[in-house]
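When you get a sec, could you build the whole thing from the sequences and use the hints?
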Amino acid sequence: MKDLQTIKGAVHQDLKHDSAIKQVQGRADYTDDIAEPIGTLHAYLGVSTVTHANIRGMDLSRVRAAPGVVAVLTAEDVPGVNDVSPTGKHDEPVFPTEKVEFHGQPMFAVIAETRDAARRAAELADVDYDVLPHALDPIAAEDAGMPLVTDPLKLERGDVEAGFAAAANRISGRMVVGGQDHMYLEGHIAFAIPGEDDDVVVHCSTQHPSEAQHMVAHVLGVPSNAVVVNVRRMGGGFGGKESQMNLFCAVAAIGAKKLNRPVKIRPDRDQDMTATGKRHDFVIDYDLGFDHEGRIQAVESQFAARCGYSSDLSGPVTDRALFHADNAYFYPNVRLKSRPQKTNTVSNTAFRGFGGPQGVVAAERMIEEVAYALGKDPLEVRKANFYGDAEDGRNVTPYHQTVEDNVIGRVVEELEQSADYQARRKAIIEENAKGGIIRRGLALTPVKFGISFTATWYNQAGALIHVYNDGSIHLNHGGTEMGQGLNTKVAQVVAEAFQVDFDRIKITKTTTEKVPNTSATAASSGSDLNGMAALDAAEQIKARLVKFAAESRGVSEEAVSFVPNHLRIGDEVVPFDSFIKEAYMARVQLSSAGFYKTPKIHWDRAAGKGRPFYYYAYGASCSEVSVDTLTGEYRVERTDILHDVGRSLNPILDIGQVEGAFIQGMGWLTTEELWWDEAGRLRTHAPSTYKIPLASDRPRIFNVELADWSENREMTIKRSKAVGEPPFMLGISVFEALSMAVASVADYRQCPRLDAPATPECVLMAVERLKAGA
Amino acid sequence: MAYQNDIRFLLNGEEKTVTDVHATQTLLDYLRIEQRLTGTKEGCAEGDCGACTVLVGRLRDGRLHYETVNACIRFLASLNGCHIVTIEDLSGPKGRLHPVQEAMVEYHGSQCGFCTPGFVMSLYALWMENPQPIEVEVETAVQGNLCRCTGYAPIVKAALAVNQYGNPAHDHLTTERNAVTTRLQALATKTRIVSGPADDRAILPADLADLAQVLAENPKATIVAGSTDVGLWVTKFMRPISPVVFILHLEELKRIELSDEALTIGAGVTYSESQTAIRAGFPHLGEYWDRIAGWQVRNMGTIGGNIANGSPIGDTPPVLIALGAEVTLAKAGSTRSLALEDFFIDYGKQDREAGDFVSSIRIPRPKPGQIDAAYKISKRRDEDISSVAAGFSVTVGSDVITEARLAFGGMAATPKRAAQAEAALVGQPWGAAAFEAAAQALAQDFAPLTDWRASAEYRQIVAANLLRRFHLEHDSANDTEAAPVRLAIA
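So the sequence lines, in the order shown, correspond to chains A and B.
Residue numbering for the first sequence follows the working numbering, starting at -4 and increasing by one per position.
Residue numbering for the second sequence follows the working numbering, starting at 72 and increasing by one per position.
A portion of the hints provided could be inaccurate.
[Claimed, not checked] Residues from chain B that face chain A, not an exhaustive set, calculated with beta carbons under 7 Å:
hint: 1; residue: Ala116
hint: 2; residue: Gln172
hint: 3; residue: Val176
hint: 4; residue: Phe185
hint: 5; residue: Cys220
hint: 6; residue: Tyr223
hint: 7; residue: Met309
hint: 8; residue: Asp455
hint: 9; residue: Pro555
[Claimed, not checked] To give a feel for the contact side, a few chain B residues facing chain A, derived at Cβ under 10 Å:
hint: 10; residue: Cys120
hint: 11; residue: Ala122
hint: 12; residue: Glu159
hint: 13; residue: Glu173
hint: 14; residue: Val209
hint: 15; residue: Ala224
hint: 16; residue: Ile226
hint: 17; residue: Ile448
hint: 18; residue: Glu454
hint: 19; residue: Ala554
hint: 20; residue: Ile560
Simulated from the structure, these hints should not be mistaken for laboratory data.
For every residue, glycine included, the Cβ atom is placed at its ideal position computed from N, Cα and C.
Structure (structure tokens):
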């Protein structure tokens, strides 16, 4: 019996994404593919055409009179609370009543018989604006006296002043880091179907169904139990659908309840990009003290972020920038401050890394400053500053968490060898010394990334498992599938637990009806949290089955075990399905809800102290680039990556995450540029103007490995580590390699101080600046 | 006169006759909303992401040819007599996966899956045309497909492996080729087609003479060939464009004639269709041609449209002006030709009278001693609009520059020659000094704009540096193998 030996789809094995076959056939359904019931209406948002203004009056009569229009929704049509702010700050109206605070801000919604009719009508509003001055970036906004959107954070450790006083060298500087649009291929969409009483069901593409549910209840003024939010899958999320779907869900639900007809809302790509938030841009001011060996003695930095007009998730995002401003480096004396600055732009939001990448890229800039000041290889400076261990005492972060699982030294050392870093660097320096037009650069950068929501209460999850009496298993958990393979991994955990083939398990849509009060599928936490919750549910059912098996056969519970697709009960081996049938007939409960909460973590924000992270994930990448010093054009010649995912639940899916994150991180720092004109309009608002990497932008040679020796020292699901966000920061090696190529034109005597994104223009301007200064 | 009022085509295996097709009805909306074929996705509605990629089979000189197009900006009315193939046609619900699909599954080419059907269709077209591609050919085939999840590595691996999963000779589009050809011939229309209401009317002239007639009757009509730009007027700006005269089906505008003197290209020839002749006649344009938009857009967009559109940042005008191209305009009863550079009068203004249409472009072959180069600078190398585009044609005799044609896009309100820089070159000995002087003179030729693609300062510096690059690249003293002066493509 072959199926007795091993199961298909156990953990730690390569297994295909569970929707892959449907996806390649175009048969995987996304929200816009759901068949529309008769009577479905379509909503579209009408938006502001100015950047900052008091609304004197809004005449929507032409909108209402347009062909096909059924209704127009404004603030007056919100039955409950006119607010969708995710953190309860009450600063994000569904529809504003007094003022607009960014260009393209939603002001009203049109509901019409067709989407085309709604879209055309939405252009017809006559709004009387009292235009006010605006500020678009955090520096201009600070100068204009605009407030912060939320409380700043300060992290402090050691004696910063004494550290600077003792440091032999001191450098201060500024780095400007651009934001990033998510450019998920599927844009925002919500589809609300009204039910009886207060009920409404909303199909949508959100990473956070529970929050969408609560928001819809909130704006409708009904209890949460009247609202169901369903997500089968998303066509990409990346953080952009954590809080930003709330508005669309709210509008669809208000319309559906008001008109008692299904209402779907789907903005076009331009509105998706102008009306929903992005990665925060940052302006980082740093002051740095270091010794002659390149060891950092003191750091003082301020992280000012373009938060947009409301707080959204800017508090935790700017907090996380500080949590990662150390990257993998020990700062003996450090003071870090955030400045979550209000600006007249769309409210920025979560994006893979959640502020962390901006902290890490600033840390790497500081390393460069030290290296160029001392004439050292940046890698040498990196190594000199890596976190140590309990023995050397260099293992405490600026937020007073002790780094207990440090493997960065080993990761970097192995990559340095496998990528042949030293020999290649030497060859590149020799080649560049010939003074050619094409210069090369090489950089090896590390990443250490803290895993857990810094909002401690988010670190909980639920799951629901039904074993039907034919032995088939229905699995549901609170996480959402956006392409990362979460459903596949969680099902592997369940298959392993029951020792049944993976295809016995059906993974269904995420719905607030099955698992309540879930957290966003974010912070890379999906499999850590939901895998554990599903395992808990499986273990409960298993315990009942074991008890029943022992009782029914008169053996001890220790004599019962789950073997591939069977149970071994004493000397007897029973197929799983027939035993399930038996258990059902004997009235054993075959359904269970599981729960998990992350242990050990705590965080005191006011004090800036605690253990916000359960563990850290590590990785490193080494990239080589060629730069054309006449045009600033560049090409990534080779990238080597070694990344730590602990004991991988599914190595091939994890490699997919690492590769995809690297390319996305590279895009953030190279060609992806958000550009506002002086009037406050975002002019890069569709793929025609906003350039994410293409296949031809991939490194010409791309070697990606997982650190197969790694195992999470904490009791995570099967000792794996989270993978969603950490590898995003591997893209920084490309940015640093560009910097080295630029530095070559001034013989590496000057830190190029490249700002991000390093577009060809940015690179050429740096070349020109260094040539002029040399 | 009795016109045909419906649009007839094959959709996957089925023959469709659709009445009252509005001019601006897109193929994508027809597929998703009317046919409920939801495998084809909308990602951007501007032809830049490729999630809506489908195949269109067309008869060209009686031969059936399939090509990828962006359904989001392709108008349904333009598809009379075509075979539309969507992702749903590749495998049955319980059927075996298509080789392209199989490879994509085996190599983990999908994550969120939203871009996947579009990639499958692009790779399908590639496999049929080139079953054993090399990596750079795969990259070129998917320039018009964005993926935000995978980082592309598994998709490229899948593309390279497709042939292990099946032979295009056994694909149904190959085995049914004759039958489909016969069916399409039966659908081909010999009369004018007029469809849709007055405010959204589609007109497909029967032939070239009829086109002139239609334009005489409708002097304010919008002429649409590949709809790669006009498509966005509709999907992005909801601009009324009725009546719309579709011309991509007109065989008379599809002529390509390469002689020793010149290449003459009909205005309805797409970038893809012209590629072989362009490479043969003007080898320096081969690589440049591959960087015009993505494959889908190259299959739709025409050189005639790129010119008639009058954009200051079109890819072809600068390089064609440098080569001394002429454009021929036709209207009922007359034709006239003029130098391409004279066609562009000012921003948004061309030398085109009511009833005129661009009928062909004539590009003279290089003379002895003529050195040609084409450069495109953009934020992203592929599928991007240029911040600066340049075509240089410099003729050298006895080491002296006898003629210089330096044309730029992105530097002024129109594609424009750099008169001062040209003057700095002509009569000078070939060498760094002449090009340095020309680079300096460019500052008097242009005062470019700052926008989201590039700043004025960058445009000025790069334009000047492209002259320096041109000199370095073509100077015999330079060993560009040992010390390259620009980045290689592959």
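Practice task
Just pull the numbers of the violated hints for me, sorted ascending.
Solution key: Hints that this structure does not satisfy do not exist here, as all of them hold.
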